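Enquirer: Spelled out, the chains give:
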Amino acid sequence: MSRKFLALSLLFSVLFLHSFGEIFAAETGAKEGKEDPTSFIMHHIKDAHEWHFFNVGHTHITLPLPVITYASDRGLEFYLSSDFQDPETHKFGKEFAHNGIYIDEHEHLGRVDEGSIMDFSITKNVAMMFIVIAMVLYVTLSAASHYKKNGTAAPKGAASLLEPIVIFVRDEIAQKAIGPKYMRFVPYLLTLFVFIWTGNLLGLLPGAANLTGNIAVTCTLAFLTFIIVNVNGNKDYWKHVFATPGVPAALLPIMVLVEFIGLFTKPFALMVRLFVAVTAGHIVILAFISLAFIFESYSIGVLSTVMVTFINIIELLVATIQAYVFTLFSAMYIGGAVAEHAHDDHH
Amino acid sequence: MDLIIPSGGLIFWQLLGFLALLFILIKFAWKPMLASLAERESSIEEALQSAEKARNEMSNLKSENEKLLQEARKERDVILKKAHEASAKMIEDAKTEASKQGAQLIANAKAVIETEKKAALSEVKNQVALLTLEVTEKLLRKQLAEDKAQAALVDQFIKDLKIN
Numbered sequence: 075m076s077r078k079f080l081a082l083s084l085l086f087s088v089l090f091l092h093s094f095g096e097i098f099a100a101e102t103g104a105k106e107g108k109e110d111p112t113s114f115i116m117h118h119i120k121d122a123h124e125w126h127f128f129n130v131g132h133t134h135i136t137l138p139l140p141v142i143t144y145a146s147d148r149g150l151e152f153y154l155s156s157d158f159q160d161p162e163t164h165k166f167g168k169e170f171a172h173n174g175i176y177i178d179e180h181e182h183l184g185r186v187d188e189g190s191i192m193d194f195s196i197t198k199n200v201a202m203m204f205i206v207i208a209m210v211l212y213v214t215l216s217a218a219s220h221y222k223k224n225g226t227a228a229p230k231g232a233a234s235l236l237e238p239i240v241i242f243v244r245d246e247i248a249q250k251a252i253g254p255k256y257m258r259f260v261p262y263l264l265t266l267f268v269f270i271w272t273g274n275l276l277g278l279l280p281g282a283a284n285l286t287g288n289i290a291v292t293c294t295l296a297f298l299t300f301i302i303v304n305v306n307g308n309k310d311y312w313k314h315v316f317a318t319p320g321v322p323a324a325l326l327p328i329m330v331l332v333e334f335i336g337l338f339t340k341p342f343a344l345m346v347r348l349f350v351a352v353t354a355g356h357i358v359i360l361a362f363i364s365l366a367f368i369f370e371s372y373s374i375g376v377l378s379t380v381m382v383t384f385i386n387i388i389e390l391l392v393a394t395i396q397a398y399v400f401t402l403f404s405a406m407y408i409g410g411a412v413a414e415h416a417h418d419d420h421h
Numbered sequence: 050m051d052l053i054i055p056s057g058g059l060i061f062w063q064l065l066g067f068l069a070l071l072f073i074l075i076k077f078a079w080k081p082m083l084a085s086l087a088e089r090e091s092s093i094e095e096a097l098q099s100a101e102k103a104r105n106e107m108s109n110l111k112s113e114n115e116k117l118l119q120e121a122r123k124e125r126d127v128i129l130k131k132a133h134e135a136s137a138k139m140i141e142d143a144k145t146e147a148s149k150q151g152a153q154l155i156a157n158a159k160a161v162i163e164t165e166k167k168a169a170l171s172e173v174k175n176q177v178a179l180l181t182l183e184v185t186e187k188l189l190r191k192q193l194a195e196d197k198a199q200a201a202l203v204d205q206f207i208k209d210l211k212i213n
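Quick mapping for you: the protein sequence lines, in order, are chains A and B. Counting from 1 along the first sequence, just add 74 to a position and that's the residue number in our numbering. Counting from 1 along the second sequence, just add 49 to a position and that's the residue number in our numbering.
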């Protein structure tokens with residue numbers, strides 16, 4: 075088994091070493107064959123206006139994505155990412171402006187006349203999000219159809235995949251963290267869990283986008299949790315924030331400030347935790363892959379393949395754990411907002 | 050595209066996509082799933098409870114049967130005892146009846162014997178009296194064949210009469 079695995083990894087490193095080298099060369103301008111792993115890694119973990127898969131020789135195999143712009147004076151406009159780049163090198167830049175709009179080398183949208191413009195493009199991550207949503211919808215809806223057809227019969231197919239997750243989120247996360255009123259929040263927590271989990275897992279696929287490791291995505295999810303927590307906050311919750319019980323009057327202004335900041339640090343922690351955990355995993359994997367090209371050695375290639383496989387297995391764990399942690403902490407924050415405190419003065 | 054600055058476009062699409070996903074899943078996936086899960090759990094719970102109930106009933110029935118059996122045994126014992134007593138009494142009764150009847154028979158026999166004896170005795174007496182009379186007649190005939198004796202006897206009688 076392990077011999078077969080080693081032989082395979084050797085074969086793959088030999089096969090890919092050359093073409094990856096070409097990618098580096100293409101992306102960094104090929105300064106005397108010296109590759110820049112940092113820009114290679116950063117390019118892979120950041121969002122982009124086109125979906126770049128790999129290079130064959132000097133040909134970039136990419137999927138051009140729609141660029142949607144909005145400006146108050148121009149209205150909505152639709153383009154393709156290939157409109158704004160060099161057809162040969164696939165580089166964006168001011169010099170490739172199209173119809174008065176350009177995408178610069180840092181993939182920021184701009185107008186030639188310096189006016190303001192908003193970017194609603196279907197970027198790589200937006201496309202990835204649609205794939206994740208489609209996947210989640212397919213699995214959950216086919217699971218749900220089992221229940222519609224068979225009622226309370228034992229789960230089968232997608233239902234048997236999803237049912238343990240549903241029960242786990244309902245009983246182990248929602249019920250334990252929220253308390254008696256947990257049933258209202260189970261659908262949100264379930265959606266959160268399956269979306270993040272699927273996003274984490276699909277993000278590990280080669281060529282996939284780093285969706286759940288993007289700060290905008292984690293920011294949106296954390297924001298939704300923040301809204302749900304504060305919309306459902308009961309009297310006790312707000313009393314805790316603005317008139318913390320058991321605190322001397324002189325300290326109250328400081329406490330209120332601290333508690334008020336606390337409202338925002340909770341979702342902020344959610345946002346940063348998921349972003350960092352997923353992005354770090356991607357960076358580690360890509361860094362190990364880059365090692366082979368930095369050292370330009372087949373033996374390092376074998377070693378880095380072994381390490382990448384190892385890290386990938388860990389990342390499978392991390393994908394699940396981070397989805398669990400995000401859901402659990404969301405549930406705990408909701409639980410803190412809806413909990414009925416026993417009304418004694420000892421807090 | 051920056052690493053740590055969230056881009057507005059992605060936030061917009063993410064918000065839109067996630068909320069759409071949330072509503073579709075709530076309506077078409079989570080609600081039916083959670084409902085049928087709850088239904089299944091409650092049906093399992095009910096089945097367990099009814100099994101427990103059946104088990105309890107069974108054990109109740111068993112103990113009841115045991116009780117009935119015990120009672121039946123007791124009753125049987127009582128009936129047997131009564132039967133024994135009755136038969137003993139019957140034997141006893143029969144015995145006393147038999148002895149009574151025996152005594153009666155004996156008494157009757159005695160009475161018959163007594164009357165027979167009396168009858169026999171009186172017969173004997175009559176016979177004796179007849180014999181005596183005959184003997185006396187014969188004697189008298191012999192003695193009174195002479196006149197003198199007859200006169201003496203008459204005198205005797207007269208004498209007796211006078212005294213009276």
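Just so you know, these hints were derived from the structure itself, not from any lab. Just to be clear, a hint being listed does not mean it is correct.
Stated by the list, open to error - Taking lysine-lysine pairs in the DSS-like style, the calculated list, with each CA pair at most 27 Å apart, reads:
no.	chain 1	residue 1	chain 2	residue 2
1	A	Lys230	B	Lys211
2	B	Lys76	A	Lys222
3	B	Lys111	B	Lys123
4	B	Lys76	A	Lys230
5	B	Lys197	B	Lys211
6	A	Lys255	B	Lys76
7	B	Lys76	A	Lys223
8	A	Lys250	B	Lys76
9	B	Lys116	B	Lys138
What the hints assert, rightly or not - Now the in silico label distances, taken between C-beta atoms and shown as ranges:
no.	chain 1	residue 1	chain 2	residue 2	range
10	A	Asn224	B	Leu110	46 to 56 Å
11	B	Ile54	A	Arg77	44 to 54 Å
12	A	Val332	B	Glu88	42 to 52 Å
13	B	Glu88	A	Ser190	47 to 57 Å
14	A	Trp312	B	Met107	25 to 35 Å
15	B	Ile53	A	Asn224	18 to 28 Å
16	B	Ile53	A	Gly131	26 to 36 Å
As the list claims (entries may be wrong) - So these bits of chain B aren't anywhere near chain A, every CB distance computed over 12 Å:
no.	residue
17	Leu52
18	Lys144
19	Lys187
Note that the structure is a prediction, hence the values are computed from the model and not measured. Ideal Cβ placement from N, Cα and C applies to all residues, glycine included.
Enquirer: Decide, hint by hint, whether the structure agrees.
Expert: We went through each hint and held it up to the structure:
no. : hint                             : verdict
1   : A:Lys230 to B:Lys211             : 159 Å, violated
2   : B:Lys76 to A:Lys222              : 13 Å, holds
3   : B:Lys111 to B:Lys123             : 18 Å, holds
4   : B:Lys76 to A:Lys230              : 21 Å, holds
5   : B:Lys197 to B:Lys211             : 21 Å, holds
6   : A:Lys255 to B:Lys76              : 20 Å, holds
7   : B:Lys76 to A:Lys223              : 16 Å, holds
8   : A:Lys250 to B:Lys76              : 24 Å, holds
9   : B:Lys116 to B:Lys138             : 32 Å, violated
10  : A:Asn224 to B:Leu110: 46 to 56 Å : 37 Å, violated
11  : B:Ile54 to A:Arg77: 44 to 54 Å   : 48 Å, holds
12  : A:Val332 to B:Glu88: 42 to 52 Å  : 46 Å, holds
13  : B:Glu88 to A:Ser190: 47 to 57 Å  : 55 Å, holds
14  : A:Trp312 to B:Met107: 25 to 35 Å : 57 Å, violated
15  : B:Ile53 to A:Asn224: 18 to 28 Å  : 47 Å, violated
16  : B:Ile53 to A:Gly131: 26 to 36 Å  : 35 Å, holds
17  : Leu52                            : 6 Å, violated
18  : Lys144                           : 81 Å, holds
19  : Lys187                           : 142 Å, holds
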